[in-house]
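Take the given structure of chain A and dock chain B with the ligands to it, following the hints.
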Amino acid sequence: MPPIVEISALRKAYAGGFEALKGVDLQIAEGEILALLGPNGAGKTTLISTVCGITTATSGTVRVGGHDTVTDFRAARAMIGLVPQEINLEPFEKVQSTVKFSRGLFGKPANPALIEKILRQLSLWDKRDSQIRELSGGMKRRVLIAKALSHEPRVLFLDEPTAGVDVELRRDMWEIVAELKRDGVTIILTTHYIEEAEAIADRIGVIAHGEILLVEDKAKLMARMGKKELEVQLSEPIIEIPASLASDALRLNDDGTALIYSYDTRGERTGITKLLAEVAAAGLILRDVVTRQSSLEDIFVDLVHEGEAP
Amino acid sequence: MNWTAVKSIYLFEMARFFRTITQSFISPVLSTSLYFVVFGAAIGSRIQEVEGVSYGAFIVPGLIMLSVITQSISNASFGIYFPKCIGTIFELLSAPVNFLEIVMGYVGAAATKALFIGVIILATAFAFVDFEIQYPLAMVGFLVLTCISFSLMGFIIGIWAGNFEQLQLVPLLIITPLVFLGGSFYSISMLPPVWQIISHFNPVVYLISGFRWSFFGAADVPIGISLLAIGLFTALCIAVIWWIFKTGWRIRQ
Ligand SMILES: Nc1ncnc2c1ncn2[C@@H]1O[C@H](COP(=O)(O)OP(=O)(O)O)[C@@H](O)[C@H]1O
Ligand SMILES: [Mg+2]
Chain A
1 MPPIVEISAL RKAYAGGFEA LKGVDLQIAE GEILALLGPN GAGKTTLIST VCGITTATSG
61 TVRVGGHDTV TDFRAARAMI GLVPQEINLE PFEKVQSTVK FSRGLFGKPA NPALIEKILR
121 QLSLWDKRDS QIRELSGGMK RRVLIAKALS HEPRVLFLDE PTAGVDVELR RDMWEIVAEL
181 KRDGVTIILT THYIEEAEAI ADRIGVIAHG EILLVEDKAK LMARMGKKEL EVQLSEPIIE
241 IPASLASDAL RLNDDGTALI YSYDTRGERT GITKLLAEVA AAGLILRDVV TRQSSLEDIF
301 VDLVHEGEAP
Chain B
1 MNWTAVKSIY LFEMARFFRT ITQSFISPVL STSLYFVVFG AAIGSRIQEV EGVSYGAFIV
61 PGLIMLSVIT QSISNASFGI YFPKCIGTIF ELLSAPVNFL EIVMGYVGAA ATKALFIGVI
121 ILATAFAFVD FEIQYPLAMV GFLVLTCISF SLMGFIIGIW AGNFEQLQLV PLLIITPLVF
181 LGGSFYSISM LPPVWQIISH FNPVVYLISG FRWSFFGAAD VPIGISLLAI GLFTALCIAV
241 IWWIFKTGWR IRQ
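If you read the sequences in order, they're chains A and B.
When we follow our numbering, the leftmost residue of the first sequence carries the number 1, and every step to the right adds one.
When we follow our numbering, the leftmost residue of the second sequence carries the number 1, and every step to the right adds one.
It should be emphasised that the hints constitute simulated quantities derived from the structure, not laboratory data.
Misleading hints may appear alongside valid ones.
[Claimed, not checked] List time: in silico PhoX-like cross-link candidates among lysine-lysine, alpha-carbon distance up to 25 Å: (1) A:Lys-100 / B:Lys-7; (2) A:Lys-94 / B:Lys-84; (3) A:Lys-181 / A:Lys-220; (4) A:Lys-117 / B:Lys-7; (5) A:Lys-274 / A:Lys-227; (6) A:Lys-108 / B:Lys-7; (7) B:Lys-7 / B:Lys-84; (8) A:Lys-117 / A:Lys-100; (9) B:Lys-7 / A:Lys-94; (10) A:Lys-100 / B:Lys-84; (11) A:Lys-140 / B:Lys-84; (12) A:Lys-181 / A:Lys-100.
[Said to hold, decoys possible] Stretch by stretch, here's where chain A covers chain B in the computed footprint (C-beta under 8 Å, at least three residues): (13) 90-99; (14) 241-253.
Note that CB positions come from ideal geometry on N, CA and C, so glycine has one too.
So here's chain A without its partners, still in its complex pose (with noise of 0.2 Å):
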């Protein structure tokens, strides 16, 4: 199956000469959820951006459904729906107004039922009738994706939905996202937070200064994250580990003085106790035993600072 979205040499130099896109490549396969975890100013605001067609690329191409999205971009954006980072909402509208003005917008018949089903499902159905300046920031926001899900995309974008909002509705938004996925709807969505991509992603993928540095499957990042470190300090520096427990897992640190442990904690035995049992019988004295966890936000932190390397 061909990626429902394809974007290929995606170059954006702003007015100034900026660059915020330096040549991005990024596919995504029909009914995936993608997770884009990025420090401010990386450029997830502006990729949305280009791909939905509010700003200009400098160069490259960008398909959605198979569509170029300058070329034939009446069908592309017929199936994009884009929930903004800012609050972009005209305040003396009335929530369901607004809603029905979305769907009427992207060439859609008037369809109550299904604005009714939108409203209710963000809560906002009792709100329907009051101006948009009433609501709290977090409701703001709910009036935004509902716009955005009026017009029945089948690629929805969500950028920083969950920045400053409410615990409840941040639940509310992962059900939603969870049932859209159901519907087969495809979702990309921008986070500072990297329980959220942890918590809803099919994928994850990194952006920083304007390059994709790492997409890869959600699973197979955890592997990586699942490794952990034991680390055996000793009272006594010794240089060498011991024959008896010589194994790939075991290292020394560099001046002697710690025996490093790498282990799975998702395995069925750790292998500690076993650890610490050699470790007695081979005469070595503990001073104390620390353990360290490999996390996304390590790789990403990493990640993110190769990147800034001149």
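Using the frame of chain A, we list chain B with the ligands on its own:
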């Protein structure tokens, strides 16, 4: 064509108009009434007939044009400036609509509002002076064309404007003089020859002249030239808007 989108934009904009309908009407009706009192009754009583009609009646077409032009420009410029300013324009830019559909929705709504106000002012005029409209169909035609062409111009101003001052300054600085010097309150033939020549570069002259012809059958410039001028002006505005959307000038980064 995405007609559903055109209709949605049009109705959305009209809804904004109906929310503030009282304000929309009170100010033009009040100012027109004042014009009639000051120019028509106070000054007009000392002025002889102009081109065979009483001065009070003579200024009716010009007054309607004055309001219709200012209303078209302010409605249309605000209509597009507002979404640009608060950021809701993202939705227009990401929707499956082309420039023509966006323009038809916004300009259509702005022109409709201006037309409403033109009709209200015409009705107000009947309350102050006696006159007849010789060519009602041509009158309606001129009125509609004016609403559309100046709404197009307002749309361009709305996209160009970077802040509220600019949005309000342009109509004030350019449009008001053009309209006042366009023969709203006098016949161009009453001006010294040099000013008559200068006036022919003012597009509003052709509009008011043509519009006045539809009322009284007399005009400063031939009616065909008036139609041509307004046609050219409209075409120019459409071309500029087409270019704006093609290049993304001031709307797409
Ligand atoms: N309109 C603009 N003009 C110039 N530079 C911009 C503009 N918008 C964003 N940028 C710059 O592009 C970079 C990427 O921004 P953005 O895409 O918003 O990042 P993110 O969404 O990942 O935080 C930033 O350095 C930002 O300053
Ligand atoms: Mg952003």
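Outcome of the hint check:
About 12 Å separates the Cα atoms of Lys-100 of chain A and Lys-7 of chain B, which keeps this hinted pair within 25 Å; it holds. At most 25 Å may separate the alpha-carbon atoms for a hinted pair to count; Lys-94 of chain A and Lys-84 of chain B meet this at roughly 19 Å. Distance hint between Lys-181 of chain A and Lys-220 of chain A is fulfilled; the C-alpha atoms sit about 21 Å from each other, no more than 25 Å. For the proposed pair Lys-117 of chain A and Lys-7 of chain B, the alpha carbon gap of about 24 Å is at most 25 Å, so the pair holds.
Our distance criterion of 25 Å between C-alpha atoms is met by Lys-274 of chain A and Lys-227 of chain A, whose separation comes to about 18 Å. The straight-line distance between the Cα atoms of Lys-108 of chain A and Lys-7 of chain B is roughly 11 Å, inside the 25 Å bound, and the hint therefore holds. Restraint check: the Cα-Cα separation between Lys-7 of chain B and Lys-84 of chain B comes to about 20 Å, which is no more than 25 Å; the hinted pair holds. Of the pairs offered as hints, the one joining Lys-117 of chain A and Lys-100 of chain A holds, with about 12 Å between alpha carbons and a cut-off of 25 Å not exceeded.
Taken as a hint, the Lys-7 of chain B and Lys-94 of chain A pair is honoured in the structure, with Cα atoms around 18 Å apart against an allowance of 25 Å. Pair hint Lys-100 of chain A plus Lys-84 of chain B holds up; C-alpha atoms about 20 Å apart against a cutoff of 25 Å. For the hint pairing Lys-140 of chain A with Lys-84 of chain B, the CA-to-CA distance comes to about 19 Å; that is within 25 Å, so the pair holds. Our distance criterion of 25 Å between C-alpha atoms is met by Lys-181 of chain A and Lys-100 of chain A, whose separation comes to about 23 Å.
Residues of the region 90-99 of chain B with a Cβ under 8 Å from some Cβ of chain A number 9, which satisfies the need for three, so the listed coverage holds. Residues of the region 241-253 of chain B with a Cβ under 8 Å from some Cβ of chain A number 3, which satisfies the need for three, so the listed coverage holds.
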